[in-house]
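Novice: So you can see what is in the structure, the chains are spelled out below.
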Amino acid sequence: MEEKGQALTSYDVSSLVIDNLCDRARGQGTAVACFYFDFAAQKEQSSASMLGAVLKQVVSGLEKVPEGMAQAYEDQKKVIGGREPQLDDIVKMLQTIAGERPTFICIDALDECVAKYRVKLLDSLNQILQRSPGARVFVTGRPHIQAEVENRLSGRVMTIRITPRRNDIISYLHTRLDEDTRPDAMDSSLRADILKKIPQDISEM
Amino acid sequence: MVQRLHWGSTKDPTFLQLPAIPSTDQLNHLPSTVFKIAKMSQHRSHDNINSFNNNSFNTVSYNCTVTDDRAQILTWLSPLEPRLRHKAIQEGQVKNVGEWVLETEEFRGWYAGSGGSESDKAVLFCYGDPGVGKTLIR
Chain Y
325 MEEKGQALTS
335 YDVSSLVIDN
345 LCDRARGQGT
355 AVACFYFDFA
365 AQKEQSSASM
375 LGAVLKQVVS
385 GLEKVPEGMA
395 QAYEDQKKVI
405 GGREPQLDDI
415 VKMLQTIAGE
425 RPTFICIDAL
435 DECVAKYRVK
445 LLDSLNQILQ
455 RSPGARVFVT
465 GRPHIQAEVE
475 NRLSGRVMTI
485 RITPRRNDII
495 SYLHTRLDED
505 TRPDAMDSSL
515 RADILKKIPQ
525 DISEM
Chain E
4 MVQRLHWGST
14 KDPTFLQLPA
24 IPSTDQLNHL
34 PSTVFKIAKM
44 SQHRSHDNIN
54 SFNNNSFNTV
64 SYNCTVTDDR
74 AQILTWLSPL
84 EPRLRHKAIQ
94 EGQVKNVGEW
104 VLETEEFRGW
114 YAGSGGSESD
124 KAVLFCYGDP
134 GVGKTLIR
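Chains Y and E, in that order, are what the protein sequence lines are. In my numbering, each number is its position in the first sequence, counted from 1, plus 324. In my numbering, each number is its position in the second sequence, counted from 1, plus 3.
Simulated from the structure, these hints should not be mistaken for lab results. A few of these clues could be false.
Dumping the calculated DSS-like pairs for lysine-lysine here, alpha-carbon to alpha-carbon at most 27 Å [said to hold, decoys possible]: (1) LYS98/E - LYS521/Y; (2) LYS367/Y - LYS388/Y; (3) LYS90/E - LYS388/Y.
Listed below are several chain E residues computed to face chain Y (Cβ distance under 7 Å; list not exhaustive) [unchecked claim]: (4) TRP79; (5) SER81; (6) GLN93; (7) ASN99; (8) VAL104; (9) SER117.
Quick reminder that beta carbons are idealized off the backbone N, C-alpha and C, glycines included.
Just chain Y, with the same shape it has in the complex:
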């Protein structure tokens, strides 16, 4: 999942976008929620727990927990052992809140979500967007899920291809060279050579 030595990963882009959205949302009553899928956590990252985590972030920004939600929480306590929130209920609650305030949902590495959960998740997002066209969804993933995303969220998707650009590579090299644990092997001319040669080779490809 986390591949060291990579100039631009999906989670670099995701976390950058999330931070940017959060900066702009400050004091605006805008909700920003994030989620990072991870192969290693596939079991617990179901469609319900994922969207539940999105809802949790949205609600934590509200002054008060919506009354219906507090009531649903009290009601489930009466069932022995409690009852987890169901996907349908979570979608309804998200529809309501996203209709009242600008809401951003950012999802990283959707391809790392189990296929059957991914279908449910995309359909749920579609339901939310149907009700609240102002809600925004940001998704990153490998190219093989592009068709699936476009089909399930028909007509709503815009795409950007992420490839490391020259500036990304230069920023990346600067950081990695600064982190070098054997500074003796490095001098300023070698450093300058690396910073010149590698981005050049890449732009020629």
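Since the structure of chain Y is provided, determine the placement of chain E on it from the hints.
Specialist: Below, chain E without anything else, positioned relative to chain Y:
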């Protein structure tokens, strides 16, 4: 108030001390009625200490009821904590990498649509093959 407490605790160490509880030994020398009462009060004072602790515990949880409920409801919604993952990624992030994405027309249009229905493209999908960057840089 803060000053008084401060003064009390530094300059006069007895200020915050509780009244001494008579020991059973001392009580045995007292006449029987007084003894009983004193013994009772000894008993009571221990009780009081316990109930004081209980009370203060109750008070604390009472004060937090609203927040507690809120926290419990949030945990009930999902046990997952994606914001912690976000923090971890933030820390390891290389500065400025990927910033061009924010400048693309697609991103700008997508963001602008959040206000109303200017853009019907509510979903922005960024795809990339993680293998590419990796092989080039290694």
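Novice: Hints numbered earlier in the text: which of these fail when held up against the supplied structure?
Specialist: 2
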